[in-house]
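Sequences listed follow chains A and B, in order. Note that our numbering has the first sequence beginning at 1, numbered continuously upward. Note that our numbering has the second sequence beginning at 1, numbered continuously upward.
In case anyone wonders, no lab produced these hints; they're calculated from the structure. Quick reminder that beta carbons are idealized off the backbone N, C-alpha and C, glycines included. One or more hints might be untrue.
Said to hold, decoys possible - Here are some, though not all, of the chain A residues that point toward chain B, as calculated from beta-carbon distances under 8 Å:
1. 78
2. 82
3. 84
4. 89
5. 93
6. 119
7. 140
8. 142
As the list claims (entries may be wrong) - Straight-line C-alpha distance at most 20 Å; calculated SDA-like pairs for lysine to any residue:
9. 467(B) x 80(A)
10. 70(B) x 100(A)
11. 467(B) x 102(A)
12. 76(B) x 139(A)
13. 219(B) x 173(B)
14. 467(B) x 86(A)
15. 70(B) x 86(A)
16. 219(B) x 127(B)
17. 189(B) x 164(B)
18. 80(A) x 207(B)
19. 467(B) x 317(B)
20. 76(B) x 85(A)
21. 80(A) x 73(B)
22. 76(B) x 87(A)
23. 467(B) x 139(A)
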Amino acid sequence: MNSASATVFRPPTRFPLLPPNSHNPNPPRIQYKPNHSNPRSISTRSLQISHRKHVTPPHPPEFSTLTVAEKLQILVKEFKSLPEPIDRVKRLIHYASLLPEFDESGRVESNRVTGCTAQVWLEVTMDVEGSMRFRVDSDSEITKGFCYCLIWLLDGAAAGEVLEIRVEHLEEMNVGILPIRASSRVNTWHNVLLSMQRRTKALIMEAYGDPSLPLLP
Amino acid sequence: MMTMEGVVLKLPSFTQLMNPNHFTNRTSLNLRFTFPKSSSSSTASLSVPAAAPVSLGHSTRHDFEILHQKVNNGSKLVYLDNAATSQKPSAVIDAVNNYYRSYNSNVHRGIHFLSARATDEYEMARRKVAAFINASESSEIVFTRNATEAINLVAYSWGMSNLQPKDEIVLTIAEHHSAIVPWQLLSEKTDAVLKFVSLTEDEVPDTKMLQELVSEKTKLVVVHHVSNMLASVLPINEIVQWAHDVGAKVLVDACQSVPHMVVDVQNLGVDFLVASSHKMCGPTGVGFLYGKSELLAAMPPFLGGGEMISDVFLDHSTYADPPSRFEAGTPAIGEAIGLGAAIDYLSEIGMQKIHDYEVDLANYLYESLRTVPGVRIYGPTPSATVHRAALCSFNVEGLHPTDIATFLDQQHGVAIRSGHHCAQPLHRYLGINASARASLYFYNTKEDVDDFVRGLIDTIDFFSSFK
Numbered sequence: 001m002n003s004a005s006a007t008v009f010r011p012p013t014r015f016p017l018l019p020p021n022s023h024n025p026n027p028p029r030i031q032y033k034p035n036h037s038n039p040r041s042i043s044t045r046s047l048q049i050s051h052r053k054h055v056t057p058p059h060p061p062e063f064s065t066l067t068v069a070e071k072l073q074i075l076v077k078e079f080k081s082l083p084e085p086i087d088r089v090k091r092l093i094h095y096a097s098l099l100p101e102f103d104e105s106g107r108v109e110s111n112r113v114t115g116c117t118a119q120v121w122l123e124v125t126m127d128v129e130g131s132m133r134f135r136v137d138s139d140s141e142i143t144k145g146f147c148y149c150l151i152w153l154l155d156g157a158a159a160g161e162v163l164e165i166r167v168e169h170l171e172e173m174n175v176g177i178l179p180i181r182a183s184s185r186v187n188t189w190h191n192v193l194l195s196m197q198r199r200t201k202a203l204i205m206e207a208y209g210d211p212s213l214p215l216l217p
Numbered sequence: 001m002m003t004m005e006g007v008v009l010k011l012p013s014f015t016q017l018m019n020p021n022h023f024t025n026r027t028s029l030n031l032r033f034t035f036p037k038s039s040s041s042s043t044a045s046l047s048v049p050a051a052a053p054v055s056l057g058h059s060t061r062h063d064f065e066i067l068h069q070k071v072n073n074g075s076k077l078v079y080l081d082n083a084a085t086s087q088k089p090s091a092v093i094d095a096v097n098n099y100y101r102s103y104n105s106n107v108h109r110g111i112h113f114l115s116a117r118a119t120d121e122y123e124m125a126r127r128k129v130a131a132f133i134n135a136s137e138s139s140e141i142v143f144t145r146n147a148t149e150a151i152n153l154v155a156y157s158w159g160m161s162n163l164q165p166k167d168e169i170v171l172t173i174a175e176h177h178s179a180i181v182p183w184q185l186l187s188e189k190t191d192a193v194l195k196f197v198s199l200t201e202d203e204v205p206d207t208k209m210l211q212e213l214v215s216e217k218t219k220l221v222v223v224h225h226v227s228n229m230l231a232s233v234l235p236i237n238e239i240v241q242w243a244h245d246v247g248a249k250v251l252v253d254a255c256q257s258v259p260h261m262v263v264d265v266q267n268l269g270v271d272f273l274v275a276s277s278h279k280m281c282g283p284t285g286v287g288f289l290y291g292k293s294e295l296l297a298a299m300p301p302f303l304g305g306g307e308m309i310s311d312v313f314l315d316h317s318t319y320a321d322p323p324s325r326f327e328a329g330t331p332a333i334g335e336a337i338g339l340g341a342a343i344d345y346l347s348e349i350g351m352q353k354i355h356d357y358e359v360d361l362a363n364y365l366y367e368s369l370r371t372v373p374g375v376r377i378y379g380p381t382p383s384a385t386v387h388r389a390a391l392c393s394f395n396v397e398g399l400h401p402t403d404i405a406t407f408l409d410q411q412h413g414v415a416i417r418s419g420h421h422c423a424q425p426l427h428r429y430l431g432i433n434a435s436a437r438a439s440l441y442f443y444n445t446k447e448d449v450d451d452f453v454r455g456l457i458d459t460i461d462f463f464s465s466f467k
């Protein structure tokens, strides 16, 4: 449904691979929207994967010039649409499989997110245009799934947008009937988000020397 | 759900029923359903004695309302996290309720009717604890908030006034954080040195190493009785012997033993022993320290305030005798009374009976879990001489324990724990970051174990399908 004048946008190199055991009658479908001007837009992908326990295919998230706030809405809506906690677990595990490769060199102590029952490594960099780039990995599939959502949300975003997100905004994603409000070791992804923000701040300080300077490149 | 366990079910013949010895060996007639009560006036040969052995798990289950519920996606709850905390029978809940409804009042001070009654019941609870562990007098029992506070009490009160720089405290690497951190804090203040005993190849604390580490320099040995992760049991008698030979004291963390077996402090010879109420069918908020009279008598106060004083002046105060000396402020009165009710409940069943049942269940859990491919259980292999507690910490190859626990909970209603179980040094030693743990109590049944294992297999299948 792209208009004739749409530019075909090549997704970044993080092309998702189908899990080898999935029986997929349909090939992966990538949906594109016309890319307006922002070369740093993040692509999202929609995949139809059927698991032997039939999982509802994920709602295709649209991308392009979505702000972090808009992406947050999409994410929250998606998880809200999964009433059964077990479906959220399945969705998260599916997302875990989409997480791009994490280079071994990144598995260093300084990249470890502390205070988690699962191990998480987080790489935070700022690219030449001043956007924040994140790479993450974990030894827990469910945690990887959460991290994928965080990456989808924040990778390539402006530092200001990263710092604006509050943990409460992401409550809907909590697996379980009762959202765990208290911060605890179990809330690994809370810790990951906080770590992303802390290190973003640190990079801002390094780059601009003053955190109050405009953070939108 | 009914499982037959692969036992060939043969109804006893009439002559067998008439033999009074027939039912003594529980394993030979492991019936898991109750005989229907015969209503008609049928032949006498089919009137089965009502006392067909039903497992302890089945017979006590109805006392625990909380176990009869559905969770998450409508699965029935299978509660296997007892090492973290136990469930409470109605008798205990009623006791606490009754306290608040009928005679709630502050203890020790008041003269009026309610206060006298509350004091009576509170002190009665203390006597029950003393009797339960065979302390020589009830003043050897100090009520605390929990076992952790009890250990801190010993660290600050006994430790600060008895340890000199270079004095040694011997512990094992399998200790719970509550039995490690207070001594670390203490060693910072007193310059005492902590020495740790590691594990043997059988994944039990190396008692030979412990014996060697205990020397003239040792002032205190701190050990668990039953490990909350390895399920191993330490030979406390021997350890106490080695320690006393060099003039050292012994503190035993009995949190995982007092709820599950007979613990006799006279027999064990320990100087200090701690346990928590909430792991033994009692309420949270109360635990206790057992200390030999002469030791407690010589110890300075821990927390200061009301109750623990004798006379208070502006420039100094004098202190009460133990146990009051160590019970500052208004205690958890209702909760202590609840603990007393829990002890009554457990004693009525009999700790030996509970222990025997759990040994059987422990073996069943271990053997069942072992059959699941990819599972690695920590701690010793059970044998004729090596008994495991009814818990298994384990990992599954390629799966994070948190993922296992989450799926087991969400999909199957099975409650286990994942993480480091307050034993990070032990996990580090074993080369792992975390583990999953299923821990049982006397109200669990073999069906619970079956549900767990079935759920675990399904969990593993589920995650494998994504690979």
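Right, here's what the structure says about each hint:
1. A least Cβ separation of about 18 Å between residue 78(A) and chain B goes past the 8 Å threshold, and the interface hint is therefore violated.
2. Among the interface hints, the one on residue 82(A) is violated; its C-beta lies about 12 Å from the nearest C-beta in chain B, farther than the 8 Å criterion.
3. Restraint check, residue 84(A) versus chain B: the minimum CB separation of about 6 Å is within 8 Å; hint holds.
4. Interface restraint check: residue 89(A) against chain B, minimum CB-CB distance 5 Å, threshold 8 Å, status holds.
5. Given hint, residue 93(A) at the interface with chain B, holds; its Cβ is 6 Å from that chain's nearest Cβ, closer than 8 Å.
6. With 8 Å as the threshold, the beta carbon of residue 119(A) comes within range of chain B, its nearest partner Cβ sitting at about 6 Å, so the hint holds.
7. The closest approach between the C-beta of residue 140(A) and any C-beta of chain B is roughly 4 Å, which is under the 8 Å cut-off, so the hint is satisfied.
8. For residue 142(A), the interface hint holds, the least distance from its beta-carbon to any beta-carbon of chain B being 5 Å, beneath 8 Å.
9. For the hint pairing residue 467(B) with residue 80(A), the CA-to-CA distance comes to about 26 Å; that exceeds 20 Å, so the pair is violated.
10. At most 20 Å may separate the alpha-carbon atoms for a hinted pair to count; residue 70(B) and residue 100(A) exceed this at roughly 38 Å.
11. Under the criterion of a C-alpha separation no larger than 20 Å, the hint pairing residue 467(B) with residue 102(A) is consistent with the structure, at around 17 Å.
12. For a cut-off of 20 Å, the pair hint linking residue 76(B) to residue 139(A) is broken: about 30 Å separates their Cα positions.
13. Annotation: proposed proximity of residue 219(B) to residue 173(B) holds, straight-line Cα distance about 18 Å (limit 20 Å).
14. Distance hint between residue 467(B) and residue 86(A) is fulfilled; the C-alpha atoms sit about 18 Å from each other, no more than 20 Å.
15. For the hint pairing residue 70(B) with residue 86(A), the CA-to-CA distance comes to about 15 Å; that is within 20 Å, so the pair holds.
16. Taking the CA atoms of residue 219(B) and residue 127(B), the gap is about 30 Å. The hint is violated against a cut of 20 Å.
17. A distance of roughly 10 Å separates the Cα atoms of residue 189(B) and residue 164(B); the hinted pair therefore holds under the 20 Å criterion.
18. For the hint pairing residue 80(A) with residue 207(B), the CA-to-CA distance comes to about 55 Å; that exceeds 20 Å, so the pair is violated.
19. Taking the CA atoms of residue 467(B) and residue 317(B), the gap is about 69 Å. The hint is violated against a cut of 20 Å.
20. For the hint pairing residue 76(B) with residue 85(A), the CA-to-CA distance comes to about 16 Å; that is within 20 Å, so the pair holds.
21. Note on residue 80(A) and residue 73(B): the hinted pairing holds, with a Cα-Cα distance of about 16 Å set against a maximum of 20 Å.
22. Restraint check for residue 76(B) and residue 87(A): satisfied, since their Cα atoms lie roughly 19 Å apart, inside the 20 Å limit.
23. With a CA separation close to 14 Å, the supplied pair residue 467(B) and residue 139(A) stays within the 20 Å bound.
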